[in-house]
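**Student:** These are the residues of each chain, in order.
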Amino acid sequence: MILLTLMAIVVIGIIRFKNLFNVIILGSIYSFLMASILLVLDAVDVALTEASVGAGISTVLMLSALYLTKRNENPPIHNQIWPLLIALITGALLVFGTYGMPDFGIINTPIHNHVGGEYIARSISDTGIQNVVTSVLASYRGFDTLGEVTVIFTAAIGIIAILKKTKKKVK
Amino acid sequence: MLIINQFIASYNYFIIIFLMIAGLYIVVARGNMIKKLIGLSVFQTSVYLLYISPGKIIGGTAPIINDSYTLYSNPLPHVLILTAIVVGIATLALGLSLTIRINEEFHTIEEDEIFNKEDL
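Residue numbers (this note's numbering), protein chains in the order written: chain A, 1 to 171; chain B, 1 to 120.
Just to be clear, a hint being listed does not mean it is correct.
In the DSSO-like style, the derived pairs of lysine-lysine whose C-alpha atoms are separated by at most 30 Å in a straight line are [said to hold, decoys possible]:
| hint | chain 1 | residue 1 | chain 2 | residue 2 |
| --- | --- | --- | --- | --- |
| 1 | B | K117 | A | K164 |
| 2 | B | K36 | A | K18 |
| 3 | B | K56 | A | K18 |
| 4 | A | K70 | A | K164 |
| 5 | B | K56 | A | K164 |
Among the chain B residues that face chain A by a calculated CB cut under 8 Å, a handful are [as the list claims (entries may be wrong)]:
| hint | residue |
| --- | --- |
| 6 | I4 |
| 7 | F7 |
| 8 | A9 |
| 9 | Y11 |
| 10 | F18 |
| 11 | K36 |
| 12 | L40 |
| 13 | S68 |
| 14 | S97 |
| 15 | K117 |
Just so you know, the hints here were simulated from the structure itself, not pulled from any lab data. These figures come from a predicted structure and were not determined experimentally. Quick reminder that beta carbons are idealized off the backbone N, C-alpha and C, glycines included.
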């Protein structure tokens, strides 16, 4: 709960700061807090990935992009009321939606009564892997992971295509 | 007292919603491209929490099978979010490379300045 509150404070900082370097470092702190929360929520694999990818690689990417562009953000010119209004209306609708959601941490919720328990019960006999997350990722939902690899491949091709064109222009 | 208990039981949802609308606000209100991308990733990480937090059972443990434990958290959201994190970094990298390209073409990454230069 304290970690969640800290995250909210960091996000307010991200909104307020105009220096993009500060914002990126705050984003890194935000990702580490997120990783700690995921650890508390028993999602150890996700916490490891978030700490390395969210706080590590994305911060490096952001900083290298910042090195190639500008350091400071201009103050916003157009009206700020409409975005705030849109955000508040969306927030109010979502808060209304939480009345239908189950309380935190109880066992008799729909999410625990379907495939989740089945995976845990069958993982050892089906695949022999003790870590259920690994067995679901690589075995039961292997095609999902294949699709993920395709997405990364496409993104890599896109980045190469975009940045290669610029080199020609510079020459 | 009942209201306070209800508030604590749904506290994770309230913070998730706050992060979500904060990300939405940054994306809509700010003109700077890198700030927009950071807002987008804040929005994305709030969705990670939205998926993971219902999978937790109080008193349960991480879904790694061991004889000393019987109650495990739900592994399915973890798998889905692992995929989402990796896809998120791919889109972020693509967006940043587009930003670099825009900066080379227009010498700015502010939305309104780009619109002004296009009109000329």
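**Student:** Looking back at the numbered hints, which does the structure fail to meet, lowest number first?
**Tutor:** 3, 5, 6, 7, 11, 12, 13 and 15
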